[in-house]
Amino acid sequence: MMGRPFTIAMQYLVSSLILMTGLSLYGCSDSASVSNEAQVPLASLTIIPSGALQPAFSSNTTSYAAEVPKPVASVTVTASPKDSTATMTINAVSTAAGQGRSIPLGPPGSTATITITVSSQTGSESTYTVTVTRLLSSDNNLSALTVTPGILAPTFTSGTLNYAVDVATGVTSVIVAATKADPDAVISGDLPNDGQATIQLGGPGTSRNVSITVTAPNGNSKTYRVTIDRAASSNNNLSALSVTPGTLAPAFAPDQLPYTVDVATDVTSVTVAATKADPNAVISGDVLNDGQATIQLSGPGTTTQVTITVTAPNGNSKTYRVTIDRAASSNNNLSALRPAALHRRRSHRCHQSHHHCDGSGFKCQLDDQWTRNQLRSTTRDFSVGAPRVGHAHYHPCASAQWS
Numbered sequence: 493m494m495g496r497p498f499t500i501a502m503q504y505l506v507s508s509l510i511l512m513t514g515l516s517l518y519g520c521s522d523s524a525s526v527s528n529e530a531q532v533p534l535a536s537l538t539i540i541p542s543g544a545l546q547p548a549f550s551s552n553t554t555s556y557a558a559e560v561p562k563p564v565a566s567v568t569v570t571a572s573p574k575d576s577t578a579t580m581t582i583n584a585v586s587t588a589a590g591q592g593r594s595i596p597l598g599p600p601g602s603t604a605t606i607t608i609t610v611s612s613q614t615g616s617e618s619t620y621t622v623t624v625t626r627l628l629s630s631d632n633n634l635s636a637l638t639v640t641p642g643i644l645a646p647t648f649t650s651g652t653l654n655y656a657v658d659v660a661t662g663v664t665s666v667i668v669a670a671t672k673a674d675p676d677a678v679i680s681g682d683l684p685n686d687g688q689a690t691i692q693l694g695g696p697g698t699s700r701n702v703s704i705t706v707t708a709p710n711g712n713s714k715t716y717r718v719t720i721d722r723a724a725s726s727n728n729n730l731s732a733l734s735v736t737p738g739t740l741a742p743a744f745a746p747d748q749l750p751y752t753v754d755v756a757t758d759v760t761s762v763t764v765a766a767t768k769a770d771p772n773a774v775i776s777g778d779v780l781n782d783g784q785a786t787i788q789l790s791g792p793g794t795t796t797q798v799t800i801t802v803t804a805p806n807g808n809s810k811t812y813r814v815t816i817d818r819a820a821s822s823n824n825n826l827s828a829l830r831p832a833a834l835h836r837r838r839s840h841r842c843h844q845s846h847h848h849c850d851g852s853g854f855k856c857q858l859d860d861q862w863t864r865n866q867l868r869s870t871t872r873d874f875s876v877g878a879p880r881v882g883h884a885h886y887h888p889c890a891s892a893q894w895s
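Letter 248 of the sequence shown, counting from 1, is numbered 740 in the numbering used here, and no numbers are missing.
Fair warning: there could be bad hints in the mix.
[As the list claims (entries may be wrong)] Calculated lysine to aspartate or glutamate pairs in the DMTMM-like style (CA-CA distance at most 20 Å, straight line):
(1) Lys574 - Glu617
(2) Lys562 - Glu529
(3) Lys810 - Asp778
(4) Lys574 - Glu529
(5) Lys562 - Asp676
(6) Lys714 - Asp686
(7) Lys714 - Asp747
(8) Lys810 - Asp747
(9) Lys714 - Asp682
Hints listed in this document are in silico derivations from the structure and should not be mistaken for laboratory results.
Using the sequences plus the hints, can you model the full thing?
This is the structure in structure tokens:
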């Protein structure tokens with residue numbers, strides 16, 4: 493009975509010893525293989541150009557990693573065994589202690605594993621490995637940026653992201669050209685990957701934003717921005733001006749502001765028509781923005797002033813002035829005429845004859861009856877007491893004469 497518990501205890505002890513021995517021999521896996529002591533150790537190990545080995549070199553550490561930038565296409569590995577009699581190969585090529593061995597790398601983003609094997613005279617061997625990663629580029633810069641026509645403000649530098657460009661009002665499009673610092677980077681946004689595009693602008697007085705995103709091969713990106721300001725029009729000219737009826741003097745020209753127009757005396761109104769050179773300008777004054785107005789004139793011999801102000805989209809304005817002169821009348825005609833002898837006046841009547849006299853007693857008019865009977869027989873004046881030719885009677889009004 494006592495023998496069975498003893499046997500179980502011995503089995504447990506043996507199992508524990510086996511587990512401890514296994515852990516001691518194989519350890520725990522990690523990114524670098526570490527043993528208590530390499531059988532044929534290295535005294536040194538370097539990689540050029542390099543970042544530092546990770547972890548830092550130690551004779552008993554046999555696995556390492558290193559990273560190099562994209563432009564590095566190869567590395568040089570140099571190692572020296574502690575035992576001067578040991579031999580060494582790097583990537584299976586026999587290499588003397590302290591001799592550098594050039595190892596080509598793959599393309600950016602790839603890794604290369606370099607193996608250093610050290611052998612002793614007794615046949616013992618240790619192997620070290622270095623895994624080199626050639627990094628993808630992190631360059632998301634532009635090396636050049638232009639806008640044509642136009643000048644960037646501020647002047648381009650790869651580290652400046654925001655720019656402004658002013659263009660004239662007549663510019664309807666620009667060409668934006670961007671050059672990647674890293675040919676393997678990718679351009680996106682308002683420009684294709686080849687880095688050039690024609691950008692259509694809005695109307696005068698508007699702004700157009702252009703974005704250029706550069707993504708490096710490693711995925712890092714940044715965005716350049718260009719604001720293109722198209723100037724508002726400064727055109728405050730008329731392209732045509734007329735007055736109907738009438739002729740402008742001098743003949744119309746956009747830069748000629750004062751004019752005169754002569755119209756006949758019987759013209760009571762004129763039509764003024766003005767055309768803006770820039771459709772976005774505004775006409776004001778005596779003519780509406782549509783550019784036409786009927787202007788009523790004052791009487792004959794008067795002058796009427798017509799003002800036409802044109803304001804450009806940028807706010808600049810100027811005023812055209814038309815002076816319309818309506819001629820004075822040249823009519824010196826009578827529209828009607830009646831002989832005074834046929835005009836009945838209300839005056840003192842002379843009772844002694846068929847005459848009536850005016851209030852002064854000096855002029856008389858024949859009354860209608862007497863005129864009908866007697867006017868044909870004489871055209872001479874009468875005087876008081878003078879006999880009328882061809883008749884037996886005389887005019888009874890003193891100092892009277894025919895009128």
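* Structure versus earlier hints, numbers of those that do not hold, lowest first -> 2, 7
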